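Colleague: As they're listed, the protein sequences go chains A and B.
Position 127 of the first sequence, counting from 1, maps to 127 under this note's numbering, and the rest follow consecutively.
This note's numbering runs 455 ahead of the 1-based position in the second sequence.
I should point out that these hints are in silico values taken from the structure, not numbers from a laboratory.
Keep in mind that a hint or two might mislead.
What the hints assert, rightly or not - Below, simulated SDA-like cross-link-like pairs (lysine to any residue); rule was C-alpha separation at most 20 Å, straight line:
no.: 1; chain 1: A; residue 1: K116; chain 2: A; residue 2: P257
no.: 2; chain 1: B; residue 1: K488; chain 2: A; residue 2: P257
no.: 3; chain 1: B; residue 1: K502; chain 2: A; residue 2: A272
no.: 4; chain 1: A; residue 1: K181; chain 2: B; residue 2: L520
no.: 5; chain 1: B; residue 1: K488; chain 2: B; residue 2: E504
Said to hold, decoys possible - Some chain A residues judged to face chain B by a derived CB distance under 8 Å, without partners named:
no.: 6; residue: I133
no.: 7; residue: P135
no.: 8; residue: L136
no.: 9; residue: P171
no.: 10; residue: E189
no.: 11; residue: E275
no.: 12; residue: V277
no.: 13; residue: T287
no.: 14; residue: R291
Quantities reported herein were computed from a predicted structural model and do not represent experimental measurements.
Backbone N, C-alpha and C define an ideal beta-carbon position, used for all residues, glycine too.
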Amino acid sequence: MLNQQKIFSVSELTRSIKSMLEGRFSFISVAGEISGLRRPASGHMYFTLKDDQAQIKAVLFKMQQRYLSQQPKDGDMVVCLGRVSVYEPRGDYQLIIDSLDYHGEGALQLAFEQLKKRLDAEGLFDQELKKPIPPLPEHLVLVTSPSGAAVHDFIRIAQKRYPQVRISVYPAAVQGEQAAKELCLAVSEINLEQKAGRLAADAIILCRGGGSAEDLQAFNNEELAWEIYRSTIPVVSAVGHEIDFTIADLVADLRAPTPSGAAEMLLPDGQALREHVADLSHRMQRTMQERLNRHQERIRLYRQKLSGAAQPVDTLLLRMDHMTENMEHAMQAKLAACQARLDRAENRLKRNNPLLVLNLYQQRIKEMQRRLHRIGTRLINDKEQELIQAAGILEAVSPLSTLARGYAVARKGTGRRKVITSPAQVQIGEAIEVLLHQGWLECEVTQVELSSDDL
Amino acid sequence: MAKRTFENALTKLDRITAELEQGDLGLDNSLKKFDEGVQLVQFCNEKLEEARSQVELLLKKNDTLTATPFTEKSGGMSD
Numbered sequence: 001m002l003n004q005q006k007i008f009s010v011s012e013l014t015r016s017i018k019s020m021l022e023g024r025f026s027f028i029s030v031a032g033e034i035s036g037l038r039r040p041a042s043g044h045m046y047f048t049l050k051d052d053q054a055q056i057k058a059v060l061f062k063m064q065q066r067y068l069s070q071q072p073k074d075g076d077m078v079v080c081l082g083r084v085s086v087y088e089p090r091g092d093y094q095l096i097i098d099s100l101d102y103h104g105e106g107a108l109q110l111a112f113e114q115l116k117k118r119l120d121a122e123g124l125f126d127q128e129l130k131k132p133i134p135p136l137p138e139h140l141v142l143v144t145s146p147s148g149a150a151v152h153d154f155i156r157i158a159q160k161r162y163p164q165v166r167i168s169v170y171p172a173a174v175q176g177e178q179a180a181k182e183l184c185l186a187v188s189e190i191n192l193e194q195k196a197g198r199l200a201a202d203a204i205i206l207c208r209g210g211g212s213a214e215d216l217q218a219f220n221n222e223e224l225a226w227e228i229y230r231s232t233i234p235v236v237s238a239v240g241h242e243i244d245f246t247i248a249d250l251v252a253d254l255r256a257p258t259p260s261g262a263a264e265m266l267l268p269d270g271q272a273l274r275e276h277v278a279d280l281s282h283r284m285q286r287t288m289q290e291r292l293n294r295h296q297e298r299i300r301l302y303r304q305k306l307s308g309a310a311q312p313v314d315t316l317l318l319r320m321d322h323m324t325e326n327m328e329h330a331m332q333a334k335l336a337a338c339q340a341r342l343d344r345a346e347n348r349l350k351r352n353n354p355l356l357v358l359n360l361y362q363q364r365i366k367e368m369q370r371r372l373h374r375i376g377t378r379l380i381n382d383k384e385q386e387l388i389q390a391a392g393i394l395e396a397v398s399p400l401s402t403l404a405r406g407y408a409v410a411r412k413g414t415g416r417r418k419v420i421t422s423p424a425q426v427q428i429g430e431a432i433e434v435l436l437h438q439g440w441l442e443c444e445v446t447q448v449e450l451s452s453d454d455l
Numbered sequence: 456m457a458k459r460t461f462e463n464a465l466t467k468l469d470r471i472t473a474e475l476e477q478g479d480l481g482l483d484n485s486l487k488k489f490d491e492g493v494q495l496v497q498f499c500n501e502k503l504e505e506a507r508s509q510v511e512l513l514l515k516k517n518d519t520l521t522a523t524p525f526t527e528k529s530g531g532m533s534d
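Turn these sequences into a full structure, and let the hints steer you where they fit.
Modeller: Below, the structure is given as C-alpha cells:
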C-alpha cells in the first residue's frame, strides 16, 4: 500500500493550526504572572504570561489599555480575558488580551499560591512555631467587625459554654480596601497593650463570617501573615469560608472553621467543668474519708490492746502513790521521833556533868568486878566438891571395879574387839581374849556349851 | 506568686486528688493537701458560678485602648 497521507505545505498547515486554535480559544480567561513586559513606541504592551511550568506570549493593544484599573507590571498576578491568535509569518501563537483582571478568582488563586509558597519557604507555617493556647482561657480578644454575624455567633457560643470568659472586641474591617491594614493594626496594637501590661489576653481571634475568595482577601495579605507570625499572643483564625485555607489560617496558631467553631474549640464546656470539679471533690473526700476511717480503726485497735494494760497500770500508779504517801508519813514520824530523842538527849547532857557520870560508872564497874570475883571463886569451889562426889559414884559403877571383884570379860577378834556374851559367837579352836583386873589371857575355845535358857 | 486562675486551680486540684488517691503522703500532709483541695474546689465552684462577664469593646482613646461595654447594637448594620 502506498502512503495515502496528505502532504501539507507550510502555509496550509499553519492556516489549519490558526483556524483550529482561534476557533477553539476565541474567548478565554487565563491566569498567570506578568513578566518581561515591554512597551515599544507603538504603545502596545508585550509580555509573557507564565506560571510554574509554562509560558505564553501576550499582547495588550493600546486601545484596550484605557480600561485598565491599574498599570500592569512584572510580577503581577492577573487574569487575562482574550483569545489565542496565530501570527502566520512567524509561526507564533500568542494571547490577544481584551481585559486584565487583578482580582478575579484565578488571579487571586495564583497570587495566593505564590505567597503561600514564599511564606512557607520563610518558615511562617512551621508547626513548631505554633503557640499553645491555654485550655481554659480567661480573656479572649476578638478582632472583627463589631456588627457582623461572626461576633454574634462567637459570643453566643462562648456564653453558653463558659460565660466566665472575658471577651473583648477589637473593631476592625474584615473586608474591603482597609481590611488588611486594620487587621494588621489590631494584632500589633493588642500585642503592644499586652506588653505594656494593660491586657492579659490568652488569644487573639480573627473573626469573619463566610464569604467568597475575593471577600477574604484581607486574610491572604502578606503583611497580616507577618503580623500574626510576630504576635506573642496566640492567634486564632476563625474565618468561615468555602475555599480550603487562607494565608492567615496557615500562619495562625490555631485554625477554626468558623467563628462559632472557634468558640467551641477555645472554651471548655462549663457543665463538663462543673462535673469535673464535682468529681474531683468527691474523689478527694472519699479518699480522705477512707484514710481517716483506716486511722480511726487503727487507733481503736491500739486502744483495745492498751486497755488490758491500762487498768493495772492505773492500779499500780495508785498503789505507788499510796505507798509514797505512807512512806513520807512514816519518814516524817521517824524523823520527828529522832528529833525528840535528840532533844531529850541534849537536855540530859546539859543537865548532867559527863565526868560525874563517868565516875559513877567506874565505881559501878569496880563493884561488879568484885562481885564477879566472889561469885567465880564460890562457883569453882562448888564445882570441885561436885566433881569429887561424882568420881566416887563413877568408881562404884566402873567395870574396872567389877573386874577387881573377880569378874572377867571375854572378847574376840582383832582391832576393835567384840565382847562375847554367848557360846554361839565362837567356834571350837578359835582364839579369844579374856580381860582380867590386872591383865589379860590369850585362850583357845575347846568346848562350846549353850546354857539351856538360851535355846 | 502566679495569678490564681481557674486553670491553675483545676490543674492543682487534679494533682492533689491524684496524690491523695495514690496514698503515698503522710496523714498530716494528706490533711494539709485535702484542706488545700477543699479550698480549690470552693474557688473553682465560685469561678464557675460567677456572673457572666461583660463583653467589652476595645476602643482607642488617647493612644491607649479603653474598654467600653459591648452590646450587639454597638456596631452598624453592615457586614
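Colleague: Identify whether the interface hint at E275(A) stands, where standing means a beta carbon of chain B within less than 8 Å of its own.
Modeller: Since chain B brings no Cβ nearer than about 10 Å to E275(A), farther than 8 Å, the hint is violated.
Colleague: Within 20 Å, alpha carbon to alpha carbon, are K116(A) and P257(A)?
Modeller: Holds, at about 19 Å.
Colleague: A closest beta-carbon separation below 8 Å is what the hint needs, so does T287(A) meet it against chain B?
Modeller: 5 Å, holds
Colleague: Are the Cα atoms of K488(B) and P257(A) separated by 20 Å or less?
Modeller: 42 Å, violated
Colleague: Once the shortest beta carbon distance from P171(A) to chain B is found, is it less than 8 Å?
Modeller: At 7 Å from the nearest chain B Cβ, P171(A) passes the 8 Å test, so the hint holds.
Colleague: Return the status of the interface hint for L136(A): holds when the least beta-carbon distance to chain B is below 8 Å, violated otherwise.
Modeller: Constraint on L136(A) satisfied, holds at 4 Å.
Colleague: Can V277(A) be said to touch chain B, with a Cβ gap under 8 Å?
Modeller: Constraint on V277(A) satisfied, holds at 5 Å.
Colleague: Per the CB criterion, is I133(A) less than 8 Å away from chain B?
Modeller: 11 Å, violated
Colleague: With 8 Å as the cut and Cβ atoms as the points, is E189(A) at the interface with chain B?
Modeller: 7 Å, holds
Colleague: Next pair to validate is K502(B) with A272(A); report whether the Cα-Cα distance is within 20 Å.
Modeller: OK: K502(B) and A272(A) at ~14 Å, within 20 Å.
Colleague: At a threshold of 8 Å, is the proposed contact between R291(A) and chain B supported by beta-carbon distances?
Modeller: This hint holds: R291(A) lies near chain B, its Cβ roughly 6 Å from the closest one there, short of 8 Å.
Colleague: Would you check the hint for K181(A) and L520(B), treating anything up to 20 Å between C-alpha atoms as holding?
Modeller: With a Cα-Cα distance of about 18 Å, the restraint between K181(A) and L520(B) holds, given a limit of 20 Å.
Checked against the numbered hints given earlier, the structure breaks hints 2, 5, 6, 11 and satisfies all the rest.
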